[in-house]
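**Student:** What follows is each chain in one-letter form.
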Amino acid sequence: MRNAFFVAVGLAAACAPAEREVATPAAPDTAAVRQAIQAHGDRWAEFDIAANAAGLAGLHAEDATAAFFGLPTATGSAAIEALFNAYFSTTRVTAAASAVTTVAAPAPGVATALGTYTVTTDSSGVVRTGWYRWAAAYRQGADGQWRVGYIQSFPDSVVRK
Amino acid sequence: MYRSGWAGALLALALIACAPKEAPVASAPAVDTAAVVAGVNDMWARWAVADTAEDLAAIMAMMTENARIDIRGFPPMLGREAALAVFQPVYDQLDYTALVMSPATTVAISNDLVHQAGAFAESYTIKGKPGTMTDHARYAAAIVRGADGQWRIAYMMAMVDSTVTAK
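Residue numbers (our numbering), protein chains in the order written: chain A, 18 to 178; chain B, 509 to 675.
Watch out, some of these pointers could steer you wrong.
Stated by the list, open to error - In silico contact screen, one side only, chain A against chain B (beta carbon under 10 Å); selected entries:
1) A62
2) T82
3) A84
4) L88
5) A121
6) A124
7) T137
8) T138
9) S141
10) A153
11) A154
12) Q169
13) P172
14) D173
15) S174
What the hints assert, rightly or not - Partial pick of chain A residues on the chain B-facing surface, computed with a CB cut under 8 Å:
16) F86
17) G87
18) R109
19) V127
20) T129
21) G132
22) T133
23) A152
24) F171
No lab work stands behind these hints, which were simulated from the structure alone. Here the structure is a predicted model, which means the values were calculated and not measured. In this text, a Cβ means the ideal position worked out from N, Cα and C, and glycines have one as well.
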């Protein structure tokens, strides 16, 4: 999808009329990207609480890779959905919150972000709250939606509780 | 995910086919993916040498001044000094004998910025004790090329969990 975007940009640049000045892509609006990424994280938490594996998979690009601590790396939204389905079969999420701490938008349609995730789970009556650090790369689709292309996260044993 | 070469070829064809005959259109320089990948691979090769040589100065030089490193079990490291404060005690205790980097995806955002994710295996002994251990880890990194042409880590997240990547 990202490549198609760049090809489209290239075509537009190459085929523009000679007399018209070719507009270079506008610099990404980092504040807007940050807002979109935070909204993405908010939806993630909502889907997590709702045990909505399909919804969570939909927050990822078709060819996304997810590397969560203790689980095999999953590539592709179907594999990611299966990962979440397996998780929800044993665990109920009762509270979750994602907080974006850092966002970079190095090129149009491309962003990276770091953040934290706090989640309270109930697994066979055992209630736990976990703290995580995550890093992710996002791509903006033709529909304007930002989706995860890559994400890694691990439980944060050094977080101040 | 790593199809920059393919996209670059299409882009080049499109530019050749449609470029105006008059003055060339100014645009961002084309991404030389092969050169970018070679530069990053070279950095990892030097990192592996420095790792097994316990050359922390060389490792620090392969991070940007304000690099951020997130490794499970350690607080976020912001800048070289913070990284050195975490790395030094580890290298004091362990003798690294091998580091094998296995990038899985490399995305050249530009000629000066790469996003990369993959796995690595790092073998070591505990100083003064027999037996070699190997950690298997996964990582994600943003790697940038400085004005001096050197590639350095601007960001890296890594977790040692010995989880084998699903086939």
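**Student:** Against each hint, give a clear statement of whether it holds in the structure.
**Tutor:** Do the hints match the structure? See the list:
Annotation: A/A62 was flagged as interfacial toward chain B, and the flag is violated, the nearest CB pair being 20 Å apart, outside 10 Å. The restraint placing A/T82 at the interface with chain B holds, with a minimum CB-CB distance near 7 Å, inside the 10 Å limit. A hinted interface residue such as A/A84 counts as satisfied when its beta carbon comes closer than 10 Å to some beta carbon of chain B; here the least separation is about 5 Å, so the hint holds. A hinted interface residue such as A/L88 counts as satisfied when its beta carbon comes closer than 10 Å to some beta carbon of chain B; here the least separation is about 7 Å, so the hint holds.
At a threshold of 10 Å, the smallest CB-CB gap from A/A121 to chain B is about 8 Å, leaving the interface hint in force. Interface restraint check: A/A124 against chain B, minimum CB-CB distance 6 Å, threshold 10 Å, status holds. The criterion of a C-beta within 10 Å of any C-beta in chain B is not met by A/T137, whose closest approach is roughly 21 Å, and the hint is violated. With its C-beta approaching chain B no nearer than about 19 Å, A/T138 sits outside the 10 Å limit, and its interface hint is violated.
Given the 10 Å rule on beta carbons, the hint for A/S141 is violated: about 23 Å separates it from the nearest Cβ of chain B. Among the interface hints, the one on A/A153 holds; its C-beta lies about 8 Å from the nearest C-beta in chain B, closer than the 10 Å criterion. Taken as an interface hint, A/A154 checks out: its beta carbon lies about 5 Å from the nearest beta carbon of chain B, inside 10 Å. Below 10 Å, beta-carbon pairs count as interface contacts, and A/Q169 has one with chain B at about 5 Å; its hint therefore holds.
Given the 10 Å rule on beta carbons, the hint for A/P172 holds: about 7 Å separates it from the nearest Cβ of chain B. With its C-beta approaching chain B no nearer than about 8 Å, A/D173 sits inside the 10 Å limit, and its interface hint holds. At a threshold of 10 Å, the smallest CB-CB gap from A/S174 to chain B is about 6 Å, leaving the interface hint in force. At its closest, the beta carbon of A/F86 sits 5 Å from a beta carbon of chain B; the interface hint therefore holds under the 8 Å criterion.
The criterion of a C-beta within 8 Å of any C-beta in chain B is met by A/G87, whose closest approach is roughly 6 Å, and the hint holds. Taking 8 Å as the C-beta cut-off, the interface hint given for A/R109 is violated, the closest approach to chain B being about 24 Å. The interface hint given for A/V127 holds, since its Cβ lies 6 Å from the closest Cβ of chain B, which is under the 8 Å cut-off. Among the interface hints, the one on A/T129 holds; its C-beta lies about 6 Å from the nearest C-beta in chain B, closer than the 8 Å criterion.
Below 8 Å, beta-carbon pairs count as interface contacts, and A/G132 has none with chain B, the closest being about 11 Å; its hint is therefore violated. Nearest Cβ of chain B to the Cβ of A/T133: about 10 Å, over the 8 Å cut. The hint is violated. The restraint placing A/A152 at the interface with chain B holds, with a minimum CB-CB distance near 4 Å, inside the 8 Å limit. The beta carbon of A/F171 comes within 4 Å of a beta carbon in chain B, closer than 8 Å, and the hint placing it at the interface holds.
Of the numbered hints given earlier, the model fails hints 1, 7, 8, 9, 18, 21, 22; all others are met.
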